[in-house]
Amino acid sequence: GTLTEGKMNMVKAYSGGVCYNVSGGGFVPVGKFTRSTDPSGEECSKDKTLFSTLLAALMCCNTTLIETKDPDTGTRTWTPKGNSSEAPIVVAARKAGVTEQEVSSCARVLEVPFSSARKMMLTVSDVSTCGTLGAWGIGLPKDTKYLAVVKGAPNYIVDYCGQCYDEHGTVGEFTKELKDATMNAVDEFSDEALRVLAVAIYPFAEMPFDESDDDLTVDDKFKAITANKFQFLGLVASIDRPRVGVAESVKMAHEAGIRVVMITGDYLKTACAIGREVNILGAGANAVENAVDCMRMRPDGKYLPDSAMDRLTSATRVFARAKPEDKLEIVKSLQRQGLVTAMTGDGVNDAPALNQADIGVAMGIQGTEVAKGA
Numbered sequence: 001g002t003l004t005e006g007k008m009n010m011v012k013a014y015s016g017g018v019c020y021n022v023s024g025g026g027f028v029p030v031g032k033f034t035r036s037t038d039p040s041g042e043e044c045s046k047d048k049t050l051f052s053t054l055l056a057a058l059m060c061c062n063t064t065l066i067e068t069k070d071p072d073t074g075t076r077t078w079t080p081k082g083n084s085s086e087a088p089i090v091v092a093a094r095k096a097g098v099t100e101q102e103v104s105s106c107a108r109v110l111e112v113p114f115s116s117a118r119k120m121m122l123t124v125s126d127v128s129t130c131g132t133l134g135a136w137g138i139g140l141p142k143d144t145k146y147l148a149v150v151k152g153a154p155n156y157i158v159d160y161c162g163q164c165y166d167e168h169g170t171v172g173e174f175t176k177e178l179k180d181a182t183m184n185a186v187d188e189f190s191d192e193a194l195r196v197l198a199v200a201i202y203p204f205a206e207m208p209f210d211e212s213d214d215d216l217t218v219d220d221k222f223k224a225i226t227a228n229k230f231q232f233l234g235l236v237a238s239i240d241r242p243r244v245g246v247a248e249s250v251k252m253a254h255e256a257g258i259r260v261v262m263i264t265g266d267y268l269k270t271a272c273a274i275g276r277e278v279n280i281l282g283a284g285a286n287a288v289e290n291a292v293d294c295m296r297m298r299p300d301g302k303y304l305p306d307s308a309m310d311r312l313t314s315a316t317r318v319f320a321r322a323k324p325e326d327k328l329e330i331v332k333s334l335q336r337q338g339l340v341t342a343m344t345g346d347g348v349n350d351a352p353a354l355n356q357a358d359i360g361v362a363m364g365i366q367g368t369e370v371a372k373g374a
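Here the numbering used here is used: position 168 in the sequence shown is 168, and no number is missing along the way.
Heads up, some of the hints might be wrong.
[Unchecked claim] Derived CB-CB ranges, DEER-like:
#1 V288 with V348: 27 to 37 Å
#2 G162 with V109: 43 to 53 Å
#3 G25 with N62: 45 to 55 Å
#4 D219 with S314: 30 to 40 Å
#5 S307 with E42: 53 to 63 Å
#6 K46 with S212: 33 to 43 Å
#7 E5 with D210: 40 to 50 Å
Simulated from the structure, these hints should not be mistaken for laboratory data. These numbers come from a predicted model, not from an experiment. Here a beta-carbon is modelled for each residue, glycine too, at the ideal position from N, C-alpha and C.
Kindly generate the complete structure, drawing on both the sequences and the hints.
Next up, the structure:
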């Protein structure tokens, strides 16, 4: 959201081994789902596994879509209220015909919010009155009382899954070949600068922890539920276009002798695609040498020694899959090299790095009060 508009729109999906295109723009819930390989453009939002992916993702959201009508002109507008990364899911689910009743009939009983460490959000809903996942979705096992849903980073969620659904809603083993095909789809979407989220479920009959134990933390509950193998449903991919003027500003900075570095939680290929669009990875930049997954900074869970860290950061223009603490270590490394460092950010997680930098720039309109106060 710092370099991009923060207004995402779902344009692709992958479910049951099938790639889908999603039409329609903005927040208006009008559009259709078509198979990427079908030139006829037949509407197929009611494909069982695709519909289930969208409904499950919506069950793991806290964002709503509000319709308002101008009393003078009669013009209708749609506005998402909540998290910008969830807005495309809410809009796309409405395009597919998912109703509010299908979501509200499944009361949420547990929520584990997204964190930069877990890289996913988890919810548990009571689905004891549901035989299927929505009107057009997959069937649920007979003894199912609860349904856990996770949505988040594909590489993390795929590792949690032991089963998956085919396009007809039949569950089977999530083999290495199917996992590879899924990650190939992630790579293809990411090469198009799309933000990709994975969705998976786990139907079960009883909570895997003592619900009366008040000493259990959210992390304890998360670990207890995710100790079980989840069932992979699909991917949703959204575009978040660069803000107007960003590419020009980066070019001006380069001409002034300022090196511009992007630090993001995005997947590496997505980060590289955005970096190219805004001139951070411009002509002559090598994505292998100039863009890194932040795991390389902490290969065994601990940060590299200062000398090795400084060698890595000296040539890097794009840092991907960054955790909040990574931003601080990057700033420190650049300062050790004698560089005057300016840090721009708008979130709570940016505050330590903003404070450490020689110049901290908190985004004014969308920035959090914590970021501004740093």
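Hints, one by one, checked against the model:
no. : hint                       : result
1   : V288 with V348: 27 to 37 Å : holds (32 Å)
2   : G162 with V109: 43 to 53 Å : violated (24 Å)
3   : G25 with N62: 45 to 55 Å   : violated (24 Å)
4   : D219 with S314: 30 to 40 Å : holds (36 Å)
5   : S307 with E42: 53 to 63 Å  : holds (59 Å)
6   : K46 with S212: 33 to 43 Å  : holds (41 Å)
7   : E5 with D210: 40 to 50 Å   : holds (45 Å)
Violation of the numbered hints given earlier is confined to hints 2, 3; the remaining hints are satisfied by the structure.
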